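Let's have the full structure, built from the sequences with the hints guiding it.
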Amino acid sequence: MIGPKKTPTDQEYKTWIKKTVKRFQEDETECWPAMSSTKQQNMITFWEYHRPKMYADLKSQGLLKETAYVLECKMMEEWDALRAAGMNSTDAKLQAEQDWMIMDPEDWDEPEEQEYPESPAEY
Numbered sequence: 036m037i038g039p040k041k042t043p044t045d046q047e048y049k050t051w052i053k054k055t056v057k058r059f060q061e062d063e064t065e066c067w068p069a070m071s072s073t074k075q076q077n078m079i080t081f082w083e084y085h086r087p088k089m090y091a092d093l094k095s096q097g098l099l100k101e102t103a104y105v106l107e108c109k110m111m112e113e114w115d116a117l118r119a120a121g122m123n124s125t126d127a128k129l130q131a132e133q134d135w136m137i138m139d140p141e142d143w144d145e146p147e148e149q150e151y152p153e154s155p156a157e158y
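Positions in the sequence shown are counted from 1; adding 35 to them yields our numbering.
Bear in mind the hints are in silico, worked out from the structure with no lab data behind them. Computed from a predicted structure; not experimentally measured. Please note: incorrect hints may appear among the correct ones.
Unchecked claim - Result set (EDC-like, lysine to aspartate or glutamate): computed pairs, CA atoms no more than 20 Å apart in a straight line: (1) Lys100 x Glu83; (2) Lys128 x Glu83; (3) Lys109 x Asp126; (4) Lys100 x Glu132.
Have a look at this one:
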């Protein structure tokens, strides 16, 4: 049975990030990006302006750079896996970026579905 995803506590998240950073940094079979790449700096800048709550939370935990690093590495890992599965490189990169790096601004509200009257008389 699949239930709702459990939101990790700050400590669980911090542990996962630190463990994942270590895994990527110790992996000698792949060429992972350096910590603080341009892409990671762009993510952090985006979070600062468009996801200020997330930015403040990550900053207070000292996890801004680590989170950006992990997201870029996870994107690259998925990109490789999608290409290995036969997807062309461009589509694979776009899908991986969508899955790991693209975030809506925090104040983004999905448009509510509007109910329309059944007949013009109900207007």
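Hints versus structure:
At most 20 Å may separate the alpha-carbon atoms for a hinted pair to count; Lys100 and Glu83 meet this at roughly 12 Å. Proposed proximity of Lys128 and Glu83 is contradicted: the alpha carbons are some 25 Å apart, above 20 Å. Between Lys109 and Asp126 the CA atoms are separated by roughly 16 Å; this keeps the pair inside 20 Å, and the hint holds. At roughly 18 Å between alpha-carbon atoms, Lys100 and Glu132 fall within 20 Å of each other, so this suggested pair holds.
Hint check: a violation occurs at hint 2 only; the rest are consistent with the structure.
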